[in-house]
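Asks: So the chains spell out like this:
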Amino acid sequence: MIEISGISRSFGDRLVLDDVSFGVEGGRMTGFVGANGAGKTTTMRILLGVLSADRGAVSLDGTELTAADRARFGYMPEERGLYPKMAVLDQLVYLGRLHGMSTGAARTSANELLVRLGLAERAGDTLESLSLGNQQRAQIAAALVHEPIALVLDEPFSGLDPMAVEVVLGVLQDFAANGAPVLFSSHQLDIVERLCDDVVVIGGGKIRAQGSREGLRAEHAGRVFELDLAGAAADAGWVREQPGVSVTHLDGGFARFEADSEAAAQAVLALAVQQESTAVRSFAPVTPSLAQIFQEVIR
Amino acid sequence: MSDTQIRPAGVGGAGGAAGGAAGGAAQRQLSAPQGAWIVAEREIMTRLRSKAFVISTAILLLVVLAGVVIGGLVSQSGGFGGPTKVATVAGDVAGDGTGAGAQLGALGEAFEVTEVADRAAAEQLVRDGDVDAAIVAGGDTAVGLTVIANDSPPGDVIQALSAAPAIELLDPSETSFMLGYLIAMGFGMVFYMTAMTFGMTIAQSVVEEKQTRIVEILLATISARTLLAGKILGNSILALSTVVAALALASVGMLATGQDILLGELGTALIWFGILFAFGFVLVAGLYAASAALVSRQEDIGSVSSPVMMLVMIPFFLIIIFFDNPQVLAIMSYVPFSAPTAMPMRLYFGDAAWWEPIVSLAVLLVSIVVALWIGSRIYENSIMRTGARVKLSEAIKG
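First to last, the sequence lines map onto chains F and D. The opening residue of the first sequence carries number 1 in UniProt numbering; numbering runs sequentially from there. The opening residue of the second sequence carries number 1 in UniProt numbering; numbering runs sequentially from there.
Chain F on its own, in the form it takes in the complex:
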């Protein structure tokens, strides 16, 4: 488990990270979401030791992260980069060796990865001769070649075609399934919602929300309910008159409202059932999507 505790960082007099703390558990995919400029990349760079923090600490399994630990992390920076004029396999081997692998082990691992990512035939080609999507795959391979003990990926899915997204996804899930912590940032909230076990939301340099995906949803479910009435002349306008209820959306027989208490909501339901001219088609609490939670916590 990677733990980030109390990290702050300023650039000049601009405070970019303000007391940021969260954890990335082993064997789980943790999504890191935030608007552009919220501090995602800075946090990841500090986690990798590429940038230093003004305050705070990063620990791995309870002990402070050392350069030796960090060298065994896999990192994919937001701004992609490999040597354009170097053969794909050569640069993977080079990166593997820089991480302390022997040339032979690096070569074996690089070849395995290229097969896995569908790039085996392009191993001897220079990076610049590959399509953008294939360059992205090579970039993923660069993060994985040294068999890292943890993965930190900054926007790993941006620029990937749908097929490549599935391939990369499979690789990452395998990786997490083996017990390693995986942290990735994304602004594609639908992908995060689909993939992540845990979610961390950052905004304006502060952590706004964190927890498991389901936990966050439950936490932010609040007391918003939706009532849908069936019938030709269905009109839910009367909900507005009910005590302890405020309607946020009304459209014919449909009403979305916030209730002060569970009892107030139940009272609305009871009244709806009693009405003879209409029937209740549905009545349910609203579970917010990640996008909604995001909108809410960022405000």
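Note that these hints are calculated values from the structure, not bench results. It is possible that part of the hints are untrue.
Which chain D residues face chain F? A few, computed with CB under 7 Å, are given here [claimed, not checked]:
(1) 30
(2) 42
(3) 214
(4) 222
The model shown is predicted, which means the values in this text are computed figures rather than measured ones. Ideal placement from N, C-alpha and C gives every residue a C-beta, glycine not left out.
Since chain F is already given, all that's left is putting chain D on it; use the hints.
Replies: Below, chain D without anything else, positioned relative to chain F:
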């Protein structure tokens, strides 16, 4: 698609310690020199695989070889353009009774004498350009000869026929003016060209990593200092190999063209040139790398590295201009940027005591330490800052 599993090494053990131990089989933590060496190896291999590098090095070596061989041929023939051709009239005699042709012939191979029947034939040869000058009897000087030439007096012929006073030099210079100039050019050009070429190479390589952003991946693995050290090491090895190859080729060329005396005289100077070059290049490479780290685009290398270029270029021109001025050379032989050129020259001219190159080397080493200290600070502080050019003051402060 294969069924290969991507397995995180050493995860799932009991805590971090176990994780570290399990992963140890596949990899170990690199020491800084090991990391630097892997970086250096890549720099070297990348250059060796580049056609542009191989071709330009081959051209440089060819130029050196050609220079030595041509120099050798010129010095053997006693002047530029081969022997001077003169025509004489058979039977003409000089004032002292000897034939003009015989007199010139006695001066050695510098003249090629053609005998013709009369003065008219000799003049015709001059007009046609078949000979440089004609020598005929007559004229009211003590020599009793007239030199006929086309449009300008032929200096070497006149000199050969003039009665010269005896010359005694009390402090003769052992080496000729021309040779001194050529050697200054030679050392200067090799240092200047190599420092510029490989300085630019290292600058481009620094900016390439910054521009393509791979530097972020590299820095997540090794420190900025290790990366910088590897780049300097790799390019210095390449530069030094090029110079050693050039020197070896020059030596072979000298031996082959019978200039072994010159080679013998140059011996110490050549060795010191190699040593001072090696360290001088490290200095230049460090400065190039540091200044290149300030910018993020290849197009900006030229402007940002021009101060470093000046530091290399100005001493080069000073040496070419003042190659026969011992005071200036003495100062230049202690200036780190010109020491690799000036010190070997002074050694060759016999102007430097045995300890002087050692002191010069010490000065150079101190400047390297200072330059690398500042350079690595600049590099560390700017290598992650892309976009606009980083201000030098900010890069040093951090």
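Asks: Kindly indicate which numbered hints from before are broken by the structure, ordering the numbers from low to high.
Replies: Nothing - there is no hint that the structure violates, so all of them hold.
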